[in-house]
Amino acid sequence: MKNVLVSALAFTSGFVIMSLELLGGRLLAPYFGSSIYVWGSVITVFMLALSVGYLTGGWLSLFNPSLKRFSLIFFTSAATLYPLAMITEPVMERVFETLTDPRWGSLVAALVLFALPTFILGLISPYAVRLLVVNVDRAGNTAGTLYFVSTIGSALGTLATSFYFVLWFQMDTIIFLLSGTLLLLGFVSWMAARNR
Amino acid sequence: MKHSATMVLTLTALFITSPLHGRIIHREQSLYQTILVDDTGSRRCLQFSVRRDQRSQSCVDLKHPQRMVFTYTQMMMAGILLAPDPQKILIIGLGGGTLPLALNDLFPEALIDVVEIDGVVVRVAEEYFGFQSGEHIKVFETDGRIFTKRAVMRHDQYDLVILDAFNGDYIPEHLMTREYLQETRTLLGNKGTLVANTFSQSRLYDHESVTYASVFGDYFNFKQYPSSNRIILVSMAGLPTLDLLKARATGWRDRLRAYRIPIHNYPDRMSRNIDWDRDARVLTDQYAPANLLRSSNRHR
Chain A
1 MKNVLVSALA FTSGFVIMSL ELLGGRLLAP YFGSSIYVWG SVITVFMLAL
51 SVGYLTGGWL SLFNPSLKRF SLIFFTSAAT LYPLAMITEP VMERVFETLT
101 DPRWGSLVAA LVLFALPTFI LGLISPYAVR LLVVNVDRAG NTAGTLYFVS
151 TIGSALGTLA TSFYFVLWFQ MDTIIFLLSG TLLLLGFVSW MAARNR
Chain B
1001 MKHSATMVLT LTALFITSPL HGRIIHREQS LYQTILVDDT GSRRCLQFSV
1051 RRDQRSQSCV DLKHPQRMVF TYTQMMMAGI LLAPDPQKIL IIGLGGGTLP
1101 LALNDLFPEA LIDVVEIDGV VVRVAEEYFG FQSGEHIKVF ETDGRIFTKR
1151 AVMRHDQYDL VILDAFNGDY IPEHLMTREY LQETRTLLGN KGTLVANTFS
1201 QSRLYDHESV TYASVFGDYF NFKQYPSSNR IILVSMAGLP TLDLLKARAT
1251 GWRDRLRAYR IPIHNYPDRM SRNIDWDRDA RVLTDQYAPA NLLRSSNRHR
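Taken in sequence, the protein lines are chains A and B. When the letters of the first sequence are read in order and numbered with this note's numbering, they come out as residues 1 to 196. When the letters of the second sequence are read in order and numbered with this note's numbering, they come out as residues 1001 to 1300.
Hints in this document: simulated from the structure, not taken from any laboratory. All values reported here derive from a predicted model rather than from experimental measurement. Treat the hints with care, since some could be wrong.
[As the list claims (entries may be wrong)] Under the rule of at most 25 Å between Cα atoms (straight-line distance), these lysine to any residue pairs were calculated in the SDA-like manner:
1) B:Lys1138 with A:Thr76
2) B:Lys1138 with A:Pro126
3) B:Lys1138 with A:Asp101
4) B:Lys1138 with A:Leu67
5) B:Lys1138 with A:Arg103
6) B:Lys1138 with A:Leu99
7) B:Lys1088 with A:Thr100
[To be verified] Each pair of labels, with its calculated beta carbon distance range:
8) A:Thr151 with B:Asn1273: 47 to 57 Å
9) B:Gly1217 with A:Arg69: 41 to 51 Å
10) B:Gln1029 with A:Ser66: 48 to 58 Å
[Unchecked claim] Chain B stretches covered by chain A per the calculated footprint, using a threshold of three residues with CB under 8 Å from any CB of chain A:
11) 1138-1148
12) 1162-1174
13) 1177-1189
14) 1281-1293
Note that beta-carbon positions come from the ideal geometry of N, C-alpha and C, so glycine has one too.
I would like the entire structure built from these sequences, with the hints used as guidance.
Pasting the structure below:
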């Protein structure tokens, strides 16, 4: 049961990360265009934030790892994602006025907007590994399964967002839905932890 | 050595034997697209894709360089029926440079700003299409949206703005939204004219139409066989009457003959009728799946 739950959570984090990354490029377009350097900025920021998130998530898993604490990561990620809908315009406006080179402009804007929520989302994978590993012999197997599940989530998040979500919803609505999903899953794992 | 000579011959033969298209005289990969220059007889065309069925972006007749080869390029000149004496002109999207050259001919005193994101397109236009920037024509190599935002910050104004930015597919999505048109409207002040080149097929037609209507209200919708393009014409000073359009067209008639622009036919075809689905969703920065909508057919 715990396996299924933690895997579902890892899947969702993968889904949300890539959905957000695609939205990131779109959000920046009105101010910085949609050239390759805008995507370069977005991907750079996501990779940096995820790498620091992985490092920190692994470190956090050293201290009394539990499903309950895991759910706190989800609450935090939902809380850092939600304000994006409100702050995107003023942040981009400000950066646009300050930096004239759209390459640096898009990089700084992406950093300010996406680094924090992506960092929090990066905490999830290593923490999930710690929750599911029962012995060293099977550690690689467990990690492999989690990578598999979360990367499938990333693939589906990319596909769903670029093929359908942008056709159905406003971008703010998509951010709201992603944030709501994280909140809901945080709640589910919080309840699961309480009922153990 | 012999080998490479054979290869050149083979390649040349391949290009020559292609019946619909002529010889590719230049091919260059830019950051944004593959750029092809293709000669068929005396006609030289610019293409933005390797797909051979792709329509050309721009063509010139090398024997008669003034003549406008494409119907839609001619149609865009209808803008001068709304802006009879533009002093400041902004063109988003250079292509082969046909429009800025013609406008510079007709209005030698006007200052023309051309925005083109792709530096390779600028060089190709200069090298193969006789385009030249200078005192009266300035080229800015940047994204149209970024240029427009900065121009708004500088409080710049234009008498005539022409939106003609296309990539190999269609208009970039961030250049089709309500917010972009609002920014462009700011550049028009209270008397400027806007000319926008769009396509008339696919579901996107409805969405683009309501988006323009949401920003500009009433506008002329201009279509003409055999072109499947639709030219949108907006005037911030209010749309001129048919009589005024006809009078101006008569005035231009002889002058535009060299360009092969049948301007006297245009006023009757510039329609104010709403032939789109008014309930279609407006395109915004928040909702801009334009090129997904384009792939689905109109269902009316």
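Hint by hint, here is what the structure shows:
Taken as a hint, the Lys1138 of chain B and Thr76 of chain A pair is broken in the structure, with Cα atoms around 50 Å apart against an allowance of 25 Å. Under the criterion of a C-alpha separation no larger than 25 Å, the hint pairing Lys1138 of chain B with Pro126 of chain A is inconsistent with the structure, at around 54 Å. Restraint check: the Cα-Cα separation between Lys1138 of chain B and Asp101 of chain A comes to about 20 Å, which is no more than 25 Å; the hinted pair holds. For a cut-off of 25 Å, the pair hint linking Lys1138 of chain B to Leu67 of chain A is broken: about 62 Å separates their Cα positions.
For the hint linking Lys1138 of chain B to Arg103 of chain A, the alpha-carbon distance of about 23 Å falls within 25 Å, and the restraint holds. Distance restraint check for Lys1138 of chain B and Leu99 of chain A: the Cα-Cα separation of roughly 23 Å lies within the 25 Å cut-off, and the hinted pair is therefore satisfied. With a C-alpha separation of about 24 Å, the suggested pairing of Lys1088 of chain B with Thr100 of chain A holds against the 25 Å cut-off. Separated by about 53 Å at the C-beta atoms, Thr151 of chain A and Asn1273 of chain B satisfy the suggested range of 47 to 57 Å.
Against the hinted window of 41 to 51 Å, the Cβ-Cβ separation of Gly1217 of chain B and Arg69 of chain A comes to about 57 Å, which falls outside the hint. In this structure, Gln1029 of chain B and Ser66 of chain A meet the distance hint of 48 to 58 Å, their C-beta atoms being roughly 54 Å apart. For the stretch 1138-1148 of chain B, the assignment as covered by chain A holds, since 4 residues bring a beta-carbon within under 8 Å of that chain's beta-carbons and 3 suffice. Judged by the Cβ-Cβ criterion of 8 Å, the stretch 1162-1174 of chain B is covered by chain A as claimed, because 3 of its residues qualify and three suffice.
Counting residues of the stretch 1177-1189 of chain B whose CB falls under 8 Å from any CB of chain A gives 3; the rule of at least 3 is met. A count of 8 residues in the stretch 1281-1293 of chain B with a Cβ less than 8 Å from any Cβ of chain A is obtained; the coverage claim is therefore met, three being the minimum.
Consistency note: the structure conflicts with the earlier hints numbered 1, 2, 4 and 9.
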